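*Asks:* The chain contents come next:
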Amino acid sequence: MNSHNNAWLAPGLLLAALAVFPALAPHFGLDYYTGFVMRMLIVMLIATSLNFLMGYGGMVALGHAGFVGVGAYALVAMTEAGITNAWALWGGAMLAAAVAALLVGAVSLRTRGVYFIMITLAFAQMLYYLAVSLRAYGGDDGYNLMARPLLGFGLNADDDATLYWVVLAVCALCFLFFHHAIGSRFGQALIGVRDNESRMLALGYPVFLLKLQAFVIAAAVAGLGGALMVTQNSFISPSSMHWSQSAVLIVIVVLGGLGHRWGGVIGAAVWVSLEEVLRMSTEYWHWPLGALLIAIILFAPDGLGALCRCRAAGTGAARVGFFHLLRRSA
Amino acid sequence: MDSTFVIEQLINGIGYGLMLFLLAAGLTLVFGVMDTMNLAHGTLFMFGAYIAATVHEHSHSFIAAVLAAVVVTVAIGALMETVLMRRLYRRNHLNQVVATFGVILLADDLVKWLWGAAPIMAPTPAALSGPVQLMAELPYPSYRLLILAAGVAAALLLYVVVNHTRLGMLVRAGASDRPMAELMGVRVQSVFTVVFVLGAALAGVAGALMGPLTAVQIGMGEAILIPALVVIVIGGIGSVRGAFVAALLVGLVDTAGRAFVPPALRAVMPPALAADVGPALAGIAMYVLMAAILCFKPRGLFPARG
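Each protein sequence line maps, in turn, to chains R and W.
Just so you know, the first sequence maps onto residues 376 to 705 in our numbering.
Just so you know, the second sequence maps onto residues 27 to 332 in our numbering.
It should be emphasised that the hints constitute simulated quantities derived from the structure, not laboratory data.
One thing to keep in mind: the hints can contain errors.
Stated by the list, open to error - Partial selection, computed: residues in chain W whose CB lies under 10 angstroms from chain R:
#1 Met63
#2 Thr108
#3 Leu110
#4 Arg117
#5 Asn121
#6 Val124
#7 Leu131
#8 Trp139
#9 Ile258
#10 Ile260
#11 Ile263
#12 Val314
#13 Leu315
#14 Ala317
Said to hold, decoys possible - Derived pair list, reagent style EDC-like, types lysine to aspartate or glutamate, alpha-carbon separation capped at 20 angstroms:
#15 W:Lys138 x R:Glu650
#16 W:Lys138 x R:Glu658
#17 W:Lys138 x W:Glu83
As the list claims (entries may be wrong) - If you want a taste of the chain R side facing chain W, the calculated C-beta under 7 angstroms gives, among others:
#18 Thr486
#19 Met493
#20 Ala497
#21 Val626
These figures come from a predicted structure and were not determined experimentally.
The beta carbon of each residue, even a glycine, is placed where N, CA and C say it ideally should be.
Working from the sequences, and respecting the hints, build out all of it.
*Replies:* Written out as structure tokens, the structure reads:
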């Protein structure tokens with residue numbers, strides 16, 4: 376069990392570093408980066424949900440941003456209806472995204488491969504045009520939230536550091552949830568479906584149901600991500616549901632390492648940071664990202680996460696096994 | 027709503043459908059033959075539009091503009107195939123999607139650097155700027171008729187090439203069963219190179235022709251890529267015939283959605299609500315069509331592989 380403890384050392388340190396960051400940032404004049412890291416955390420959460428769906432469920436969905444948008448607009452709609460409690464709003468956003476995913480998934484999961492990619496895109500585009508037509512919530516121009524939702528428990532959501540800690544806790548919990556879900560019987564069956572669907576069907580597993588469950592769970596977490604995003608920015612517009620946003624999410628996951636435990640986290644960290652740095656330094660900030668993507672695909676097709684894994688494997692034989700151990704012991 | 031308006035919209039829809047076909051034919055062949063997903067296909071369309079607009083502006087010759095667009099997109103296509111696509115075709119679709127997404131990012135910045143971020147104007151050829159009296163009540167822009175004719179010509183040409191030439195035979199063999207074709211001695215890799223370059227040329231023509239009708243701007247490739255993907259998926263991936271039928275279907279449904287849905291809604295619901303719902307419904311018409319077809323035929327209308 377020693378390697379099991381080692382496996383949590385790095386994430387534990389990272390979590391600790393992230394937790395103290397907003398407390399230290401003001402002393403170094405880095406206040407701005409509290410908001411930036413919070414945004415990165417939310418993208419990590421959304422990317423991790425997509426990594427769960429794509430990497431472990433084998434379902435490449437090109438419409439994940441649609442569910443992010445459903446969560447965000449659900450929060451907006453509930454706020455307009457007078458609900459101010461953040462926890463209720465976030466829960467409601469998850470529920471709304473889950474219900475949307477149940478309907479979309481029931482139809483989409485009849486197809487597979489490229490056809491699945493395209494049908495999820497189609498539904499996401501329908502949601503996008505729905506958001507554009509919701510003039511009550513700003514339509515094309517987007518919607519400005521008057522005030523941040525209330526966190527309760529004596530927490531002040533208007534303070535960026537407080538909200539940061541709440542977001543960090545929520546993300547960490549979701550991450551733990553996915554970690555356990557992958558290790559559970561459900562997760563292992565899902566991996567089985569990814570690897571060989573007909574065999575799992577022959578073994579008597581409810582393949583369609585398993586895939587639908589994974590689809591709904593991933594969408595619910597994406598919806599939560601959307602709700603957190605509106606909470607932070609107090610703004611949402613349909614452009615965040617556009618298909619290119621879904622494509623960027625896929626790119627982030629593949630960049631980080633598809634089906635790698637930290638794939639979504641690594642990908643989001645690299646992508647969001649690079650975007651920020653490049654955008655500040657040059658008007659032409661797209662092409663380095665494009666060149667990076669091509670280089671990754673040509674030279675490290677399993678993503679950045681796999682690079683770390685190789686290096687870890689090289690340092691000691693014990694570490695090779697810990698991913699297997701993690702899976703079993705969880 | 028009178029019949030001339032309906033006929034006019036019908037012709038518009040067919041014209042748009044034929045343009046989509048020019049893009050979708052290349053996409054579906056590349057996908058069908060090599061099982062390769064190329065998101066950057068729209069980028070070739072964008073280059074076609076920019077090159078044609080620039081050459082037309084300077085040379086005042088529309089024919090020279092279209093030719094220049096084809097030459098440049100063929101060159102870019104050949105470069106892309108040898109430098110990148112060749113290394114990707116044995117990878118999974120996700121790798122291909124991400125790498126070609128990278129190409130989109132590169133190309134968009136290149137265009138921004140060469141032509142600036144603002145949209146540029148593509149002039150309509152002077153000889154084709156007037157309308158043609160199609161029927162007593164229906165003057166129709168002659169430039170749109172040219173697009174229609176070009177689309178039909180390209181479709182016929184492709185039909186002949188794919189169904190009645192040796193190259194077409196190899197393409198069909200590669201698309202329907204690549205391992206078997208390779209076993210029989212077909213050099214699928216060289217067929218693929220030809221197909222990719224042909225697809226690039228068609229995308230270039232489409233871009234050059236569409237330029238004067240739409241704004242020539244960064245992102246125009248991505249905007250038309252999705253309808254083109256919808257077309258190849260509805261048609262059944264790898265099938266040129268399927269792409270043709272689906273392109274016309276999507277062209278008609280999309281145009282009809284934009285032309286007829288908003289007025290129809292205004293007739294049955296309050297104007298404010300109709301103004302909200304109309305554009306949204308028009309926007310999703312194409313996607314509803316795709317979702318409905320995939321519901322009943324999960325592999326498209328004319329699947330190329332059994």
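*Asks:* Indicate, hint by hint, whether the structure satisfies it.
*Replies:* Hints, verified against the model:
| no. | hint | in the structure |
| --- | --- | --- |
| 1 | Met63 | holds (7 angstroms) |
| 2 | Thr108 | violated (14 angstroms) |
| 3 | Leu110 | holds (7 angstroms) |
| 4 | Arg117 | holds (6 angstroms) |
| 5 | Asn121 | holds (5 angstroms) |
| 6 | Val124 | holds (5 angstroms) |
| 7 | Leu131 | holds (3 angstroms) |
| 8 | Trp139 | holds (6 angstroms) |
| 9 | Ile258 | holds (9 angstroms) |
| 10 | Ile260 | holds (9 angstroms) |
| 11 | Ile263 | holds (6 angstroms) |
| 12 | Val314 | holds (7 angstroms) |
| 13 | Leu315 | holds (9 angstroms) |
| 14 | Ala317 | holds (5 angstroms) |
| 15 | W:Lys138 x R:Glu650 | holds (18 angstroms) |
| 16 | W:Lys138 x R:Glu658 | holds (10 angstroms) |
| 17 | W:Lys138 x W:Glu83 | holds (18 angstroms) |
| 18 | Thr486 | holds (4 angstroms) |
| 19 | Met493 | holds (4 angstroms) |
| 20 | Ala497 | holds (4 angstroms) |
| 21 | Val626 | holds (5 angstroms) |
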